[in-house]
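**Student:** Sequence:
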Amino acid sequence: MYGSKKDARWGSFWRFMRKKSHTRFPVYEGSTENILGVISNKDAIVGMSKDDLRPNDDVSGYLRPAFFAPETNTISSIFDEMQKAGHNMVLTVDEFGGIGGLATLKQLLGVIVVTLGTTVQLQKRS
Numbered sequence: 001m002y003g004s005k006k007d008a009r010w011g012s013f014w015r016f017m018r019k020k021s022h023t024r025f026p027v028y029e030g031s032t033e034n035i036l037g038v039i040s041n042k043d044a045i046v047g048m049s050k051d052d053l054r055p056n057d058d059v060s061g062y063l064r065p066a067f068f069a070p071e072t073n074t075i076s077s078i079f080d081e082m083q084k085a086g087h088n089m090v091l092t093v094d095e096f097g098g099i100g101g102l103a104t105l106k107q108l109l110g111v112i113v114v115t116l117g118t119t120v121q122l123q124k125r126s
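When we follow the working numbering, the leftmost residue of the sequence shown carries the number 1, and every step to the right adds one.
Hints in this document: simulated from the structure, not taken from any laboratory. Keep in mind that a hint or two might mislead.
[As the list claims (entries may be wrong)] Okay, derived cross-link-like pairs now, EDC-like style, lysine to aspartate or glutamate, Cα gap no bigger than 16 Å in a straight line:
hint	residue 1	residue 2
1	K20	D52
2	K5	E29
3	K6	D58
4	K5	D57
5	K5	D58
6	K106	D80
7	K42	D52
8	K6	E33
9	K6	D57
10	K6	E29
11	K5	E33
With the hints as extra help, turn the sequences into a complete structure.
**Tutor:** Okay, structure coming up:
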């Protein structure tokens with residue numbers, strides 16, 4: 001999981017972000033177990049175009065709320081919750097309160113579609 005410390009500066013974060021194929025990055029304080037929010041590269045681009053972002057500013061000014069879900073929840077229930085709340089990324093939380101993983105809405109949709117396709121194929125064979 002790629003992310004950024006909350007006190008990272010935009011100049012260095014922008015260089016880091018350009019090298020990755022991701023569009024959202026968790027921002028943490030201390031360790032990746034303490035996620036404060038998420039930065040969208042779209043927000044960063046808008047901020048730069050308005051001259052709101054300066055290379056020495058820290059990244060925490062452009063945080064969006066992070067979406068957390070227990071990793072024991074079903075994929076379909078997490079997908080539904082994400083759609084209702086307007087989130088594109090989920091951080092799963094394990095039974096000890098630690099970060100279990102990260103997934104995007106697109107990844108969850110892919111799993112749902114593959115599962116449905118497999119179910120339909122099995123029903124046709126029966």
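**Student:** Of all the hints given earlier, name the ones this structure violates by number, lowest first.
**Tutor:** 1
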